[in-house]
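A.B. asks: Here's the letter readout for the chains.
4 protein chains.
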Amino acid sequence: MDDYATIIGRVLDVRKATVGLTASLGAEDMVAQSMPDASPAKWHLAHTSWFFDRFVLQPLGLPPVRPEYDYLFNSYYDAVGPRHPRSSRGLLTRPTSDEVLAYRRAVDARLADLPGSASSAGSSRLSRAEVVAALELGLHHEQQHQELLLTDIKHLFSQNPLLPAYDASAAPDLAAYASTGAKASAWLSFDGGLREIGHGGSGFAFDNEGPRHKVYLAPFSIASRLVTSGDYQAFIADGGYRRPELWLSEGWAWVQAHAARAPLYWDVEKTAHQARAFTAFTLAGAREVPAHAPVMHVSYYEADAYARWANARLPTETEWEVAASKSNCLEQTFGHAWQWTQSAYAAYPGFRPLAGAFGEYNGKFMVSQMVLRGSSCVTPAGHARLTYRNFFPPSAQWQLSGLRLARDT
Amino acid sequence: MDDYATIIGRVLDVRKATVGLTASLGAEDMVAQSMPDASPAKWHLAHTSWFFDRFVLQPLGLPPVRPEYDYLFNSYYDAVGPRHPRSSRGLLTRPTSDEVLAYRRAVDARLADLPGSASSAGSSRLSRAEVVAALELGLHHEQQHQELLLTDIKHLFSQNPLLPAYDASAAPDLAAYASTGAKASAWLSFDGGLREIGHGGSGFAFDNEGPRHKVYLAPFSIASRLVTSGDYQAFIADGGYRRPELWLSEGWAWVQAHAARAPLYWDVEKTAHQARAFTAFTLAGAREVPAHAPVMHVSYYEADAYARWANARLPTETEWEVAASKSNCLEQTFGHAWQWTQSAYAAYPGFRPLAGAFGEYNGKFMVSQMVLRGSSCVTPAGHARLTYRNFFPPSAQWQLSGLRLARDT
Amino acid sequence: MDDYATIIGRVLDVRKATVGLTASLGAEDMVAQSMPDASPAKWHLAHTSWFFDRFVLQPLGLPPVRPEYDYLFNSYYDAVGPRHPRSSRGLLTRPTSDEVLAYRRAVDARLADLPGSASSAGSSRLSRAEVVAALELGLHHEQQHQELLLTDIKHLFSQNPLLPAYDASAAPDLAAYASTGAKASAWLSFDGGLREIGHGGSGFAFDNEGPRHKVYLAPFSIASRLVTSGDYQAFIADGGYRRPELWLSEGWAWVQAHAARAPLYWDVEKTAHQARAFTAFTLAGAREVPAHAPVMHVSYYEADAYARWANARLPTETEWEVAASKSNCLEQTFGHAWQWTQSAYAAYPGFRPLAGAFGEYNGKFMVSQMVLRGSSCVTPAGHARLTYRNFFPPSAQWQLSGLRLARDT
Amino acid sequence: MDDYATIIGRVLDVRKATVGLTASLGAEDMVAQSMPDASPAKWHLAHTSWFFDRFVLQPLGLPPVRPEYDYLFNSYYDAVGPRHPRSSRGLLTRPTSDEVLAYRRAVDARLADLPGSASSAGSSRLSRAEVVAALELGLHHEQQHQELLLTDIKHLFSQNPLLPAYDASAAPDLAAYASTGAKASAWLSFDGGLREIGHGGSGFAFDNEGPRHKVYLAPFSIASRLVTSGDYQAFIADGGYRRPELWLSEGWAWVQAHAARAPLYWDVEKTAHQARAFTAFTLAGAREVPAHAPVMHVSYYEADAYARWANARLPTETEWEVAASKSNCLEQTFGHAWQWTQSAYAAYPGFRPLAGAFGEYNGKFMVSQMVLRGSSCVTPAGHARLTYRNFFPPSAQWQLSGLRLARDT
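Sequences listed follow chains A, B, C and D, in order.
At position 16 of the first sequence the residue is numbered 20 (this note's numbering), and the sequence of numbers has no breaks.
At position 182 of the second sequence the residue is numbered 186 (this note's numbering), and the sequence of numbers has no breaks.
At position 338 of the third sequence the residue is numbered 342 (this note's numbering), and the sequence of numbers has no breaks.
At position 106 of the fourth sequence the residue is numbered 110 (this note's numbering), and the sequence of numbers has no breaks.
To be clear, the hints were calculated from the coordinates, so they are not data collected in a lab.
There's no promise every hint is true.
Where chains are identical, the list cannot tell them apart; a pair therefore holds if satisfied intra-copy or between any two copies.
Derived pair list, reagent style EDC-like, types lysine to aspartate or glutamate, alpha-carbon separation capped at 16 Å [to be verified]:
hint, residue 1, residue 2
1, 187, 335
2, 218, 412
3, 274, 292
4, 330, 200
5, 218, 200
6, 330, 195
Keep in mind the model is a prediction, meaning the values are calculated, not measured.
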């Protein structure tokens with residue numbers, strides 16, 4: 005029973021933290037969806053519970069807690085049936101937040117009962133190891149949604165002319181800036197040669213992190229720190245958003261279509277008058293932020309254009325992982341901002357998706373997206389890894405995405 | 005003081021009723037916006053209060069109750085400043101419903117104090133008669149929003165796969181059917197000649213209802229009753245939605261673009277098996293409705309196509325008003341369903357919009373819309389009039405819009 | 005035979021003139037389509053021929069000249085079968101212009117043979133009177149397309165940075181300005197009372213021009229002349245395109261969506277420096293035009309906003325027809341610019357569409373369009389009438405549409 | 005002078021061949037643009053000439069042949085100025101095809117004069133080696149447009165209900181099928197290890213083909229032949245287009261949005277009844293094609309889904325190049341169909357774009373596109389190379405794109 009008890013205890017802790025993230029939200033904040041890419045907070049609460057209901061409890065022979073939720077809260081798993089359209093999630097005023105919280109409690113109660121009940125369930129379609137693996141996946145899945153819940157609520161609040169604060173005191177997305185002084189960035193050089201990257205050992209990892217494999221690497225240098233907001237202000241001041249030669253063709257089209265002038269959430273007017281700071285919308289409302297803080301909320305297009313302007317380039321994910329794996333080398337590897345790489349999200353050599361619906365978790369998104377590495381200041385503790393591969397379309401700005409420079413040596 | 009006391013008492017009664025309409029709604033139901041044409045219930049509560057704050061209280065010299073609401077809850081009055089985009093109303097999770105209700109109470113309290121305070125306010129830009137007129141307009145404005153609140157919440161709930169009921173017992177949009185038996189429709193004939201229509205007497209009317217004016221009318225016949233759902237089922241069964249010759253060109257394009265097969269909210273699959281009823285989504289949830297009930301939620305295109313199929317036509321608004329003004333003649337004139345006319349919404353001869361921002365109330369919409377006459381079963385008591393001109397674009401289905409046939413004699 | 009010979013002679017004359025309009029066009033000019041509302045010149049040549057083939061020759065028992073053209077060159081007649089999508093007309097590089105011209109000649113030859121052959125055709129589904137009526141309709145139809153051919157080629161050429169001239173010497177759309185001096189506009193007053201409008205006598209008219217019917221009219225005044233470009237420059241200079249209070253709500257949205265600043269084809273930059281002229285793209289290329297010339301290429305929204313700015317309004321079509329029917333009264337009634345009225349395009353009392361496919365000619369467009377009266381300087385001679393009802397959506401600018409003011413007396 | 009004479013001779017030969025490709029086109033075929041991705045044939049003729057004028061002749065001190073063409077026929081080079089919008093190329097009925105051909109001749113004449121004139125031009129901004137390099141690039145550029153001219157005209161003709169043939173006798177896109185018998189596909193195995201790919205030697209290559217660099221490769225197998233149309237029919241028959249589990253998420257959305265059921269140009273209805281053939285639109289019109297012919301005109305999504313269905317995968321571009329470089333190994337490497345790889349189009353390690361405007365040729369497209377290798381049956385002779393990297397967005401179907409399977413060993 006020990007394996008069950010341990011993983012279930014960890015799952016329930018994580019799930020408690022998810023609910024905790026909504027403590028400052030009113031019922032109305034829970035339901036709204038500010039764009040198709042984002043989901044309502046309530047939907048995150050429900051979907052992460054459905055994940056356990058559908059992929060752990062139901063295969064063990066338990067009836068669905070709420071059968072109608074199989075349709076409402078399936079995100080994208082074609083293998084387990086049809087689903088409510090993503091762009092209409094904000095219209096689900098029912099079930100209410102209270103009903104969703106009750107659903108969470110019901111799922112939690114069944115999970116808590118698992119050590120006792122599962123062994124006796126005759127109709128399970130899962131082995132014990134499979135149950136543990138599904139619980140572990142559900143835990144990491146829920147952690148991913150914790151971060152998404154924050155980035156989505158930030159986007160929602162940013163659309164409100166009142167600019168409400170999610171948490172004015174904790175200010176979770178300002179944590180990235182807390183400890184970062186004015187220390188200059190240095191170029192760290194790495195030899196070329198045959199290296200290994202990817203997840204290969206024990207411990208949890210998503211399927212897309214493996215298999216561990218050899219990669220030949222040319223010599224390269226990588227910046228010790230992330231690009232700061234002050235650095236990025238210099239790019240803007242130098243006409244960065246007006247010079248097509250700095251941009252990918254698709255990026256320049258994006259600049260023009262969106263009349264982009266700065267990272268998402270920057271208050272351009274106010275920032276223009278600040279030498280050592282910029283003003284931005286944060287989870288604590290509109291704030292003045294020191295210029296030495298890492299730049300965040302840039303698209304891949306912006307990251308790439310900045311790097312070109314700086315006579316550098318973005319690192320590949322291999323370079324990033326090799327550099328980051330050398331202890332005491334890179335700063336701001338984790339816990340500040342996700343870092344765009346120049347690597348398109350693709351299968352590693354020998355990649356095999358998980359069996360069944362879990363195979364849809366990562367593999368089916370391997371086109372038209374770019375890999376980000378590291379983690380952000382709102383990534384849950386214990387979630388990120390050296391081999392972790394985050395991925396988003398090149399136009400995405402609403403994640404806490406920044407960049408670190410690299411160059412050929 | 006009597007004029008003040010009377011009108012303010014009436015205003016406060018109407019405003020109380022508005023809040024009453026939201027009794028069954030949760031906070032989440034209050035914020036969602038299901039399409040750009042519809043508004044959140046909370047927005048209706050706030051906007052109708054802002055109307056009094058901005059057009060009665062502020063001109064009397066009072067400071068805005070909440071200055072930031074001048075931007076958030078202005079609907080379309082360019083004369084009084086910029087406004088939040090209509091299609092983003094559903095993202096306003098703040099102010100919360102509780103804050104909006106507090107705003108309502110603050111406005112109500114100031115309105116209740118008016119008889120005492122207004123006379124002493126030295127800075128009023130309004131005469132006493134103007135204040136009374138603005139209050140009267142605000143009252144009727146609020147009644148319009150009462151009906152819109154219901155049609156908008158109906159549309160929102162219809163988008164939810166759970167098909168929640170707004171009010172399963174009162175079933176307000178089923179009232180249209182309550183008293184209507186199977187009595188057949190008759191053709192009522194009217195002589196031609198010079199007639200007068202439009203508002204000309206005392207009592208409140210919107211500016212677009214006047215001036216009263218002469219119209220020359222050819223002889224015509226008009227149906228004694230509204231087209232029923234059973235009638236409309238026969239049109240569908242006869243291939244109504246598959247025969248382009250029955251439709252206006254723009255209507256046929258609309259049928260194809262929307263794959264339209266029935267009025268909005270009809271459950272086509274279920275209805276196909278019902279001889280004397282149809283199944284539709286209502287404010288009481290999905291319901292079986294008797295076939296003798298008036299058809300509702302048809303667009304102008306559908307109303308027009310039905311009429312052509314029936315070898316008839318829609319009445320002009322002049323014909324409608326002349327027929328409806330003859331006592332004991334038409335049935336179902338008011339209180340069942342709004343009735344599309346073949347008249348485009350336009351200025352009457354000699355029309356002058358009200359002065360100032362109130363001039364934007366009706367006049368600036370006089371293009372690309374069609375007039376509906378009568379009233380529906382959810383129109384507030386006392387709101388409709390013989391001269392009342394409702395108007396919507398020809399594609400609108402989400403109002404309680406039905407039709408009455410006419411023909412040349 | 006005389007009736008046949010006469011009408012066929014007239015038809016062939018008109019058809020010859022159509023081909024003449026394309027004399028200055030190269031093959032490439034013939035095929036391009038600059039927007040879905042416009043059609044290629046070649047398509048006009050083919051469609052007008054198809055009209056005779058399909059509605060005169062085929063009903064007389066003749067086989068189609070080119071069976072595949074029944075699909076390609078049907079415009080919108082659902083009654084006679086499916087058709088090529090309107091927005092793809094510009095992709096029909098085949099049949100070539102030469103093939104289309106050969107098609108025209110084949111149709112013309114059959115038409116020329118009609119007097120001899122028709123009487124002997126045993127399989128005709130048309131009476132002789134019906135043939136004559138169809139020929140007459142085809143003639144007027146072809147004249148309509150003559151004007152459309154010019155407005156469509158003008159739009160196409162305006163999209164070319166080289167600004168090519170259709171006809172630099174004849175300059176057909178400048179004819180409107182030729183004879184118009186600086187004579188001031190006067191207000192002409194008309195008594196109210198019962199009047200008759202619409203087509204009622206003999207001679208050809210479209211079905212939508214009848215029946216002749218009584219209308220009661222309030223007293224009104226109407227401007228003796230059209231609004232000039234100089235008048236319109238004053239509207240622009242007074243902030244006309246920046247003041248929402250002058251516009252219909254839908255019109256203001258149109259201004260913002262299109263960043264409208266002037267009538268279509270005006271060169272705003274150049275015009276801003278010209279006191280007594282404006283620079284515009286014309287069928288003779290970019291030209292400086294005197295300010296006393298009528299303003300053209302305005303949408304209904306612009307016409308309506310101008311009238312409001314001028315403390316006036318647009319006339320109704322009844323007012324226009326009553327005023328225009330009084331001899332020696334209005335100037336610039338015909339032959340200068342089409343004149344927007346404030347009347348939505350609708351059926352006259354007692355209107356009956358023609359039988360069969362011809363019933364689709366006018367009746368199915370009676371929604372969401374506004375009536376224009378008079379005629380333009382490129383309307384073919386003999387085509388316009390006092391009762392003629394042209395109609396376009398309120399956003400249309402590419403026709404030679406101007407305006408004449410009216411006001412209540 | 006020899007280097008000049010040689011390259012100019014080759015350039016003029018290639019340019020002559022370009023004009024030859026339009027021999028069967030009428031003037032109208034030359035101007036139409038069937039979608040924003042495609043360009044008119046005339047535009048290809050003009051743009052390839054502009055390339056020499058702008059990048060060879062003007063830098064040598066010669067005035068532009070036609071200054072206004074710098075705007076009209078610049079494709080995407082921001083460094084040399086603004087340009088006509090891509091999606092409006094089909095509206096350029098002027099300059100006419102004849103004028104464009106005259107432009108070509110003028111450019112050719114200046115090129116032919118280069119050996120004599122260039123040395124004496126005092127104002128050249130280019131060294132002799134740079135001129136030769138620019139001529140060489142212009143030659144390969146022109147060859148690329150030769151293939152695009154054919155794929156674009158094929159797309160245009162496919163939109164015409166008459167399905168015209170570009171060349172019924174030569175049938176250039178059927179050449180792929182000519183020599184291919186029913187020989188079965190075999191799996192060819194390759195050891196893993198450190199390999200080198202990319203252009204490194206002498207001879208022309210595009211900048212994106214280098215630098216030559218080491219890649220570590222796991223063992224893999226690759227199919228000896230391309231996937232045939234018959235293979236692909238089996239995929240369709242097995243529900244390939246109805247099974248989401250076979251598709252990338254973005255691919256499945258594409259299937260639904262486009263109601264995709266088969267490769268572009270397939271006549272699904274006819275093909276469904278053919279066991280050993282399929283019917284498709286080709287440059288020779290609609291043709292029945294043997295099932296052993298390579299499948300073509302599939303998007304990356306389709307290629308990827310097919311591979312998943314076949315329990316295989318697409319090769320990486322490294323695998324493709326390593327396999328193709330081993331002589332007598334792969335069949336159908338060149339001259340049949342471009343082959344989608346699973347590699348996103350990205351910079352090779354150490355990649356440096358060419359200096360100046362030529363740097364925009366390839367580098368700025370390195371996002372959101374996938375690499376295709378090999379060449380098609382309409383690729384000009386001598387154009388393809390082992391290291392050649394073609395690239396298109398994953399949704400592109402109008403190129404002659406097929407696939408070859410790979411798998412892990």
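A.B. asks: Using 16 Å as the alpha-carbon threshold, which applies to residue 187 and residue 335: within, between, both, or neither?
C.D. replies: Within one copy, since 11 Å is at most 16 Å while 58 Å is not.
A.B. asks: Go through the copies and call it for residue 274 and residue 292: within, between, both or neither, with a Cα cutoff of 16 Å.
C.D. replies: within (9 Å within a copy, 46 Å between copies)
A.B. asks: Indicate which option fits the pair residue 218, residue 412 if close means a Cα-Cα distance not exceeding 16 Å: within, between, both or neither.
C.D. replies: between (20 Å within a copy, 15 Å between copies)
A.B. asks: Could you figure out if residue 330 and residue 195 sit no more than 16 Å apart (CA to CA) within one copy, between two copies, both or neither?
C.D. replies: Classified as within: same-chain Cα gap 12 Å, cross-chain 30 Å, threshold 16 Å.
A.B. asks: Is it within a copy, between copies, both, or neither that the alpha carbon of residue 218 lies no farther than 16 Å from that of residue 200?
C.D. replies: Answer is both: 4 Å inside a copy and 15 Å across each meet the 16 Å cutoff.
A.B. asks: Checking residue 330 and residue 200: alpha-carbon separation at most 16 Å within a copy, between copies, both or neither?
C.D. replies: Classified as within; 12 Å inside a copy, 27 Å across copies.
Going down the numbered hints, you'll see the structure goes against none, and every one checks out.
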